[in-house]
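Chemist: Chain by chain, the residues run as shown.
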Amino acid sequence: MKKSLLSLSLLFSMWSFAVVISGDMPLLKSATTVPNVAPTAKKAKVQAKKAALHTAAKANTAALTLDPTSYPLAKDSQWSYKDDGTSLDGTNWKSVAYSNTAWATGYAPLGYGDSQNTQISYGPDAGNKYITYYFSKDINVNLADLTDFVDFGIKRDDGAVVYVNGVEVFRDNMPTGAFNYLTTSTGIVDGADENRYFVHQVAKTFFTQGVNRIAVEMHNRDGQSSDIKFDMFVQNEATGNLVVDCEENHVGCFTSINPTAQTPNLIIPQEHRFQLMFKEGSNFTIGTGTVPGNHDFTGYHPADGSSTVGRLAVNHENNPGGVSIVNLHLNTDQSLWMMDSSQAVDIYNEALVTTNRNCSGGITPWHTAITAEEATAAGDANGDGYDDVGWLVEIDPITAMVKDYGNGQEKLWAMGRMNHENVVVNNEGTRAYYGEDGGTHCVYKFVPTVANNLTSGNVYVLKMDLPLANDEPSSTTATWVQVPNTTQVERNTLNAIAGLLGGTNFNGVEDCEISPLDGKVYFTSKGKNRVYRFTDNGTTVSNFETFVGGMSYPIETATGTVTEPWGDGNDNITFDDKGNMWLLQDGGKNYIWVVRPDHQQSNPHILLHSSMPAGSEPTGLTFTPDHKYGFFSVQHPDGGNAPQLDATGNQVNFNASAVVVFSLAENLGVNAPMADFAANEVTVDAGQTVTFTDLSTNTPTSWSWTFEGGTPATSTEENPTVTYATAGTYNVSLTATNAIGASEPAEKIDYIIVEATTGLDGVTGLDNVSIYPNPTQGNVTVQINEEAGQDVSVEVLDFLGRSVYTTTATSTGASQKIELNLEGLMGDQVFFIRLNVGDKSGSYKLIKN
Amino acid sequence: MKVTLIIAALLITFITFAQNANPLKEPVYGSMESALAAKGKVTQLNFRDKGLFHLPEGLSTLQSLHFLNLMGNNLERLEDDLFELKELEVLTIKLNALKYLPKKMGNLTNLINLDATDNSIAHLPNELGNLTKLVYLHLSFNEISSLPQSIGNCKNLEVLEVNSNQLSYLPQGISKLKKLKTLNLSYNQFNEFDSEWTAFKNLETLNLEYNHIKELPQAVSNFKNLKLAMLNNNRLTGVPRELVTLPKLQLLSLANNNITVLPKDLSGLTGLRTLILVGNPIAKAEISRIKASLPNCQVYF
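Sequences listed follow chains C and R, in order. Each number in my numbering corresponds to the 1-based position in the first sequence with 9 added. Each number in my numbering corresponds to the 1-based position in the second sequence with 2 added.
Since the hints were made in silico from the structure, they are not lab data. Treat the hints loosely; a few may be bogus.
Label pairs and their calculated CB-CB ranges [to be verified]: (1) R:K88 to C:D586: 32 to 42 Å; (2) R:R79 to C:G196: 46 to 56 Å; (3) C:T488 to R:P283: 16 to 26 Å; (4) C:N552 to R:K286: 42 to 52 Å; (5) R:E59 to C:V571: 39 to 49 Å.
Positions of the beta carbon are idealized from the N, C-alpha and C atoms, including for glycine.
In isolation and in its complexed conformation, chain C is listed as follows (with noise of 0.2 Å):
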């Protein structure tokens, strides 16, 4: 009964399956297997000796039965394992039925040779080691929960087939066909793709509702192979709500730069626009002396929240270090920024000495400004106890004075001396993270006493609970370990201090920033290539995964898609509002990178912004609070660098370091005209006038327009007359110019109706008169072009044909103005004036109002 129970749950999978299959869906989108860096054979060269270390200790092979996890199933859980080298083929291990309460139990990773949660057994013989390894699990699943395919990441070293309640739903880095226990997998994994992620996507319809078995097995690649490594997570697909909507417009839309090693110029999106400001060498307008160089960290402080009205604090990384403040304003009118004061900030007096390669900073909650000594030279130069630089130093943007706790100016000593690159304090003020780049090279936690002051509280160091392999995180799991900072020495002394603790060092920490959507902490290692992020639970950490870099990514121009390496270098990061990460360069080719929050690295999603003028490297962006616009710095450029046009309509050249602000075009800078204009007449009688003026926007400083059936038939007058001699409808358009260039042509269709005269006789060989102003009030001019010496005669006929008005003369050539005196005629009338010149005659309407 029960075997047959079985063997119709069987088949109904198997059905299930099969009507899948049959309504032509598929099954399985294919894998997106997107670190596909090609495996190499240079593994073997470690092999041998790493086999003879081995130990085969199992950290735990107790017997125990697994309960069910609940979905989603998170990467790190227990599994069931066995590590006999048995052979199941032909057993029904796959499936709930089979018990698997004999197994052992561990926490993922598992496997040897590496980091590993639980080391698995190879057998005896380190030269002839198990092929295959099984893992099984069950979890409850209720189905409603279920997206309708389901993401299946696996940490696999070398190759895996993955079955779900029996039924196989992918394999991966294993032969197609048939296989057994001894097959080996098809290729090598080696590298950091030891410890990625490879996601494959499942069909929800292999689930059902309650207990559901997940089972592995993992096949190595021969029997003397270094290692073996598994772990897998299951959880709902990405559902798009982390996906950036760019409907409208946003500073974090635009099209990618095309790819390229650095030139002469900035490049940035063709949607965006810069101005520069704050160049190296011009002149503080507080004080004497010029602006320093090597800008960093450009902090931008709105004044009472605006985004309009502000302060910068630029940080520059010389010898004397320094940080300047600048007051600016955007200039509305012009949608450009101005500056209004600029002054260096004191850092150089007897209390503070001096400060040293101010790097990067940030920003507090409580709107001050942080300044990141990177220089560690030792040094108590004023005997205060406390080497003179190495610390972050807290500056009010106000006043443009360091701060002052109550014992005169100090640095942040609590928060220890050390390479200091950057810090973030959380919206609470209660945590701030930070990283060294030099020295241990440790990330770091500091819990402030009281919220919102830095002068005072505990320092953790964060040490992984298992160390990275090739770079990648070998679990996602760490530690914060408490390091001591209460006398000077130990704050001297901090980060000698941390890495003896057991800190992790990641190589270059650059950069450490909180996500404004998912909270999780992000930080950069320049030396790892990487922006690691994690979820900080107080005394541990969780979630800890590379978010982006040690790969190439496939990036999405103008022209196509194109795939580009990441590149070394990863400096600063900033988030902006849609949680878009902007990540700056050092290294590579110095761009900067816009990494979407719906990136992943099995499914990438990431843009090129800009990238930076020649011998320069991109630091310290922020936004304003409205996040239409940046603020960077451009860092020790070449001095032979080229000009180029900015935002003021003015060439500007990169060959000294200089913030640069940058937006949408549409709202930094004076853009090209919208041309626009009117006719002061749109329907005249053949032979008239009409005057047209200009209405283009952006202050247009050259006109092109174009007159169907005017003479002229074009001018490059502002506001041109143009006749129309002969009936008809006409087309006008305006081309207009400013500095930054062209409008699109403006183009009105029919818009000039030429009607033809009605008079009484016509017109008879008379060309180009004018009757002006018409509609009159009173006086008009008659304006004729006719050879001199002829006899004028112009009469003025009411709507009876009675005549009230005539006048003579004698025709003078070209332009010769007859002037007519009809205010003594009654109301609003339409007259008709009958003009002969010699033997030429006309009539034409005029109308008195």
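Given chain C's structure and the hints, the job is docking chain R onto it.
Modeler: Same frame as chain C, but now just chain R:
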């Protein structure tokens, strides 16, 4: 008496400021063009990250220069122009490609602070001993295998940083540096702790981490002013009783050695606040004893 005090105070102030550039007091010029065009005396120059392969032309005409930063360039040697700047007090040549310091370095007799960190310097001239006003000497991250005998003449030296080099000994004359407060010898090749070093009676910071030192001399008792001793990552199997009598010692790191026990009486470590013993084969009972003996000290093991 009062006058003496004022003079002393003035002198201290002078030293405090002389060793660092102050851009608020006098301009720091960033290019030769601006420096040569300056109307007044040019005292401070900053040429960091300028991609220089040679010293800028005309440098030697700036005879009033007392601060010069050449960090982060590509200098492979220091040309003679530099050594005509007799007023120079602060010279930073950090992060270049220098292989040696020339003899003429000895001409810069007014130098107070010399930072030659992060080069490939393998040789230092004996003339370094002419720099008798030197207070700060930073030579970290080079390839130096010996310091010149004459360094003992730099009697005003307070900070000597030679970490991350190839040193296995210090010259005899070194003991003449009576004002030395900070000595950083970490990440070198020292096998022995020379008793002569204990002549640094004013030493407050001693960093010897990451060497191969097997034992400490009893003469460490001379370090009456020592506040910080970083002795981790050596090959110590124990420490002498004299080390644990240093009253001013606040932080002692003995991590990652081969120590099994500490001296019996730790009561002399009255100022110790932090003791780091991680990475040593110390039995639990001994740890308990140490912790009990040092109630005011945080012990890490």
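Chemist: So, for every hint listed, does it hold in this structure?
Modeler: Against the structure, the hints:
Take R:K88 and C:D586: their Cβ atoms lie about 57 Å apart, and the range 32 to 42 Å is violated. At about 51 Å, the CB distance of R:R79 to C:G196 agrees with the hint of 46 to 56 Å. Taken as a hint, the range 16 to 26 Å holds for the pair C:T488 and R:P283, whose Cβ atoms sit roughly 23 Å apart. At roughly 35 Å, the beta-carbon separation of C:N552 and R:K286 lies outside the given 42 to 52 Å, and the hint is violated.
At roughly 44 Å, the beta carbons of R:E59 and C:V571 sit within the given window of 39 to 49 Å.
Violated hints, in rising order: 1 and 4; the structure is consistent with all others.
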